[in-house]
Structure formats: structure tokens, C-alpha cells
Amino acid sequence: MKKVIMGNHSLSYGAMLSRAQVIAAYPITPQTQVVELLSEMCANKTLDAKFIKVESEHSAMAASLGASLTGARTFTATSSQGLALMHELLHWASGGRLPVVMGEINRAMAPGWSIWTDQNDSLSQRDTGWIQFYCSSNQEVLDTVIQAFKVSEKLLIPSMVILDAFALSHTYEIVEIPEQKDVDAYLPPFNPPHRLSPSDPHAFFGLTGPEHYFELRYKLQKDMEKAPALIEETGREFERNFGRYLGLVDEYLCDDAEFLFITSGTAGYTARVAVDDLRREGVKAGNLRMKVFRPFPFDKVRGIVQKAKKVAVVDRNLSYGHHGIFYQEVKSALYGRDGMPPVFGYVTGLGGRDITPGDFKEIYRLASSKNTPDEEIGWIGVKR
Amino acid sequence: MTKKKETKKIVFQSESEMPVTAMSLGSMLYNKTGAWRNIRPEVDRAKCIQCGICWKFCPDVSIDIVDNWPVVDLDFCKGCGICAEECPTKCIVMVKEEK
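So the protein lines, in turn, are chains S and P. Residues in the first sequence are numbered consecutively from 10, following my numbering. Residues in the second sequence are numbered consecutively from -1, following my numbering.
Everything labelled a hint here was simulated from the structure, so no lab data went into it. Just so we're clear, the structure is a prediction, and the values are computed from it rather than from any experiment. Heads up, some of the hints might be wrong.
Residues from chain P that face chain S, not an exhaustive set, calculated with beta carbons under 10 Å [what the hints assert, rightly or not]:
1) 7
2) 9
3) 18
4) 21
5) 22
6) 26
7) 65
8) 66
9) 69
10) 74
Label-pair restraints from in silico Cβ distances [what the hints assert, rightly or not]:
11) S/63 - P/24: 27 to 37 Å
12) S/97 - P/24: 18 to 28 Å
13) S/97 - P/79: 28 to 38 Å
14) S/224 - P/95: 35 to 45 Å
15) S/45 - P/79: 12 to 22 Å
The list that follows gives simulated cross-link-like pairs (lysine-lysine, DSSO-like), each with its CA atoms no further than 30 Å apart [claimed, not checked]:
16) P/54 - P/94
17) P/7 - S/228
18) S/228 - P/30
19) S/316 - S/293
20) S/231 - P/7
21) S/379 - S/293
22) S/62 - P/54
23) S/370 - S/309
24) P/54 - S/228
25) P/88 - P/76
26) S/235 - S/163
27) P/45 - P/94
28) S/340 - S/231
29) P/88 - P/54
30) S/231 - S/293
In this text, a Cβ means the ideal position worked out from N, Cα and C, and glycines have one as well.
Take these sequences, add in the hints, and give me the full structure.
Set out below in C-alpha cells:
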């Protein structure tokens, strides 16, 4: 069935179709509507889940962890300051190996207060041990929630399904809502190998000395390293069942691209328009949209980048005192490898300023005028 | 009710033997924390009515019931005094630790 829905409700439908059993969330713009619809679904029994009202995002994640530990499939959602308040518990989720799935609507961090999009909120949580999916359409949001539960529950690693504030969260698009029976066939019930249960009591998360802690984190990394192959496998299975592939990256005219944009989020779709325009002007442009940021898909990115002559990474985020964060990560993935093209970094769209096809063409012009990258950040659209 | 008094330290030789998360590693069996205490509960059995309220309230599960009498596990009791506060007959008195 096709419906015209906003990105926030794509998350809600994704959680509903995944048969989430516990939802604990605290409202924050622009995420609020995700939770509103889920609470309605719980109230009218469209969704057989326990909706836990809490007093903060810290508590929302804490309640989610408790629920997940009992073996319940658990969903939550937040944005910006709310995600920052959850920070401590994000480590508990990954370290506790609790496969919570969270919708995260990218919203710029205050001050000044913003409700508009950029990626500094989710990228500030880069090292918490969560899988991060960056989505570019409402369809992709819904589909990725279902896939994320499958990947997370297999690896026992939590996932964030991330989308842009307003550009997706409040934008209505046509979304194919899968049939419940088809989702049930794709996503079996959650059956964790360990759970909090009176019939098999265990002490969880107790004092862990230097003789054991290191190995537990080694195991987390080793399982994280299994994620790229599992995401591709479950993405192909999703395509067989639903007709839409969900991969690590989204390639647009990358095969013969000499000039390659690397993008994420909705800017990754805007870039396609610029690629088409540039192609009409005779420039062999292409766009590599990063869907999965953690774990970083090293092989995939290297394989695509090495075919290009020049690369421009476009960041809607900034590590102050360094560079755009995707730029850092892409450079790090290529470092020391022979035959890699020069990579240039551009920062744009902070705090929800629009990123237009014209911005991508300006990036192409700027990058064309240089042969070697320097320390200077390429600022696009800042008034100076 | 009595607690298991296993105090052998569990040390895994390889990550492959370990659970996926910090689960039942048994660390609190050998990491004795009673030394944090500066006052300890003493039970006057003449006044104790064996109601078990101290056992229920102890936040660190440091009171065992042995032959119906409360017995404080001083390896873990931190001397918070909740048992003494809650005891309906005031048979538990907190005594200063002096060495």
C-alpha cells in the first residue's frame, strides 16, 4: 500500500511493522511526531507494545536498555540535545550488547537554539559503538528501520537510523508501506542469547576488571566488523522480498566518474541533480552517497574512489579545529594506498541552510582550480 | 536463605570463552567491599523477632538469614545503617569500627 507520509511517520511505521514491543521516548522537535504516532498506535492497539512515558531522554534510553535486556524488541527516537543527553546510556547500549533501534533526526546543536538540520548531533556520538545509517528519503527511512532491527539483533549492536530535520522529518513523500506478513517473514522475532530473566538469573554489567574489559571491547569491534557484509546480505534479501536494495552506499554514475562527490543525507540526492547538470556540460561527475557511516565501509569506499580522478567530500557538519567529519574519515580510509585521487573537503549547510545543486557546481569549480588539497576548509555558502 | 560463598576468581583465558557482555563474571564474589565501612550493624538476638525486614531492606544483599536469624556479611556490608533504621524492635545497633 502506498501512503503519502512525512519522514517522522516513516520511522513510526518502520517500528510498527517491525513489531517493536517496548517504546520509551521523550519528545523533542523535530522528532516529536515520531513518538506521537507511536503512542497513538499503542493506544488504539495497532501496535501491541508497551509505551513508557519518561521525564528525559536519559531516562528514555535507560528504559529502552532495561526493556531490551529482558528480550523485548525496543525502539526509541530523538534529536540533537536529546541525543546528547542520552550520551552516557549510548555506551551502555553498545557495551551491554542491547540491539535497540533509534530514530535520530539530525538537528543542529544549540546555541543558538536551532531546530534545523545538520549532522553534528549524531556525529558527536560516532565513538559510542552504535551502527549509524544516514537516510535520504522517507522510503529509505522506513525500510532501514526494519533492516536495522535485523542487523542489530544478529550482531547484538544497537543502530541509529538517521534522517535530516525538515528536509525529511516534516516533508511528505510517497512511501510504499510493506505488508505486515512480508515484514514478519523478513524479520523473525527477537530471541537474544542472554536476557534478564528470573528463571535464569545473571548479574549484568557488574564490575569488570582489567583482566576482562579489554576482551569485551575486542568482541564488540569484531562483531562491528561483521556489519558491512551483513548489511549487504540483509539489503539484498530486502531487495528480493520488497524490490528495494539497502546497501552500504548509494552509487550514482560512479563507474565512469572522473569527478566524484561524496555526500550523505538529503544532500546526497541534491547532488544527483548537480551531477546530471555537470554531465550535460560534459563533465564526467558522479555521486557516492554514504548510507552507513559506522562501521565505516572501507572496502566499498576505496573501490569506488580509486576509479575517480578527483574527489570532493561535502560535509554538513564540522569538527571544530579540524575538518568536516566525513572528509576526515574518507581521507583516513585512503591514506597510504597507492593510486588514490586527491580528496578535497567542503563544509556547507550548517544549521539547516539549504544545500542547492548550485552549491555542488560551485564545489566542482573550486576543486577544479586546485591540484592538491590544503589545510583550508572549503566553505560553501557562508556569508563573509 | 543462604548465599553461595564461592570466592574463586573467574579468569577467562580467551575472549572466545567469554560471554558477549559483562554477564555473571562473578567479580563481586572476590572484590570484597566491606573495607569501605566505618560503622557496622550488630544484632541483639534477645530483641530480634525474626521478621526479616532487615534482610529485605539491605541494598547490598549483605544480610543472610541463617536458622531464621539475620547474619551480616561483613565482607560486603558498607555500614549504611538502613537495617538499623528499619528494624521495628531496634535490635540492630550501628557500632563504630575501631582497629
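Task: Contradicted hints - numbers only - done: The structure breaks hints 7, 8, 9, 10, 15, 24, 30; every other hint is satisfied.
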